[in-house]
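Produce the complete structure using the sequences and hints provided.
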Amino acid sequence: MENIREVSVFQDHVRKRPYLYIGGKDITSLFKGLILDCIKLCGTDEILFKIRIIEINSFAFEITSNITIAPIIHKLNSSENNYEANHPIFLKFISEKFEVINRENSTLEINFSLDKAVILNTDIDYLKLYEAVFQIACLNRGVEIITIDKRQKYLNQNYFHYPQGIFYLFERAIDATLGHPEIKMTYDGKIGANHYQIALACRTDWFPEPNIISYANDNHNINGGSLVDGVLEGFLEACKKYVDIHKLTNYKISEEKLMNGLIVVCAVRGENFIYGGSFRETLQDDLVKEQSKVIMADLAFDFFENNKEKVDKFFFRFDSTQFMSGMF
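Mapping the sequence shown onto our numbering, position 103 (from 1) lands on 140, and the numbers just tick up by one.
Please keep in mind that the hints were generated in silico from the structure rather than gathered at the bench. Bear in mind that the values here come from a model prediction, so they are computed numbers and not experimental data. Glycine included, every Cβ here is placed at the ideal spot set by N, Cα and C. Accuracy of the hints is not assured; some may be wrong.
[What the hints assert, rightly or not] Okay, the calculated beta carbon distance ranges per label pair:
no., residue 1, residue 2, range
1, GLN194, ILE104, 22 to 28 Å
2, LYS190, PHE244, 44 to 50 Å
3, LYS62, GLY229, 33 to 39 Å
[Claimed, not checked] No more than 30 Å apart at the CA atoms, straight line, and that leaves these computed lysine-lysine pairs for DSSO-like:
no., residue 1, residue 2
4, LYS134, LYS165
5, LYS326, LYS345
6, LYS153, LYS165
7, LYS284, LYS350
8, LYS227, LYS278
9, LYS77, LYS129
10, LYS278, LYS294
11, LYS62, LYS165
12, LYS284, LYS294
13, LYS347, LYS326
14, LYS129, LYS62
15, LYS129, LYS87
16, LYS87, LYS62
17, LYS278, LYS347
18, LYS112, LYS153
19, LYS278, LYS350
20, LYS289, LYS347
21, LYS87, LYS77
22, LYS77, LYS62
23, LYS190, LYS153
Right, dumping it as structure tokens:
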């Protein structure tokens with residue numbers, strides 16, 4: 038009886054402040070939260086999600102996994118509330134129609150329409166959904182997501198699956214710039230409990246503004262922080278080490294010149310990260326900074342030692358005897 042009363046109170050809280058609980062001001066945040074919570078509940082990202090927008094305020098959310106969907110079913114049927122991975126429960130609380138169909142052991146489908154007394158705008162922006170789902174798929178390499186929008190004259194349908202992870206974003210960033218970087222290196226591996234994907238490229242023929250993209254778990258750290266700082270410090274350290282070992286006394290390494298033409302795309306996945314800012318836009322984790330610095334310092338120095346021709350073009354910018362180097 039006590040559990041039922043607690044659920045009722047919790048339901049009232051969610052219905053009074055739905056956007057606080059679903060994590061944003063529109064339905065896109067609801068779908069994003071559903072996907073991430075299902076991944077968390079199942080303990081794997083090897084899940085196929087299908088989102089169908091049938092018409093305004095008529096949706097279907099399908100989950101298929103050969104591993105297990107039992108934790109999601111348990112969450113939907115449970116009267117307990119532990120405030121963790123609760124977007125399936127939030128959805129139930131804010132829906133006018135809510136139907137769960139367990140098609141087979143590996144597939145679960147939720148058909149729903151939202152309560153307009155709680156969610157005022159039930160017309161989802163498909164392009165915003167596309168962008169949110171694209172990011173999730175890049176950061177969760179085992180996940181597959183299909184989105185289908187039936188509201189328009191012509192069907193919108195997209196499939197998202199990026200087993201290469203953020204290296205897909207890295208290649209896109211390279212394609213977006215003119216020419217092709219001579220300096221290009223990647224790392225994909227674990228140190229302790231943290232899994233890193235780090236990619237760095239640098240133009241040597243012209244010098245656009247740096248392009249730096251950073252993620253920690255499923256958070257886009259738009260203000261960078263520990264991971265970016267570690268990568269840049271490690272790259273700087275490798276440059277100084279190379280100059281010292283090869284006794285290049287005319288080469289003056291500076292962070293300003295290092296940044297010219299730089300492309301960095303990096304991500305770390307782990308637990309108990311600390312974030313700064315109202316929207317968790319800055320990663321503040323000393324261990325991540327230390328680990329990423331070591332990774333990049335070793336990765337870059339090894340690249341320098343094994344790619345002399347490319348390295349000579351890159352280090353030209355630091356040569357104080359060359360008039361042109363002072364322009365970059």
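Outcome of range test on Cβ distance (GLN194, ILE104; 22 to 28 Å): At 25 Å between Cβs, range holds.
Hint consistency between LYS278 and LYS347 [alpha-carbon to alpha-carbon, up to 30 Å]: Holds, at roughly 17 Å.
30 Å Cα cutoff - pair LYS284, LYS350: holds (17 Å)
LYS62 versus GLY229 beta-carbon gap, inside 33 to 39 Å or not: holds (37 Å)
Given pair status - LYS347, LYS289, alpha carbons within 30 Å: Answer holds: LYS289 to LYS347 is near 18 Å, not above 30 Å.
Proposed proximity, LYS77 with LYS87 (alpha carbon, max 30 Å): holds (17 Å)
Given hint LYS62 paired with LYS77 - CA-CA distance at most 30 Å: holds (23 Å)
Given pair status - LYS165, LYS62, alpha carbons within 30 Å: Given that 30 Å is the threshold and the Cα spacing comes to 12 Å, the pair holds.
LYS278 paired with LYS350 [C-alpha distance capped at 30 Å]: holds (17 Å)
Agreement of LYS129 and LYS62 with the hint, judged by alpha carbon distance not exceeding 30 Å: holds (18 Å)
Holds or violated: LYS347 to LYS326, with C-alpha atoms at most 30 Å apart: Between LYS347 and LYS326 the Cα gap is close to 28 Å, so the pair holds against 30 Å.
Hinted pair LYS190 and LYS153, Cα distance within 30 Å: Holds - the C-alpha atoms of LYS153 and LYS190 are around 25 Å apart, at most 30 Å.
Hint check: no violations occur; every hint is consistent with the structure.
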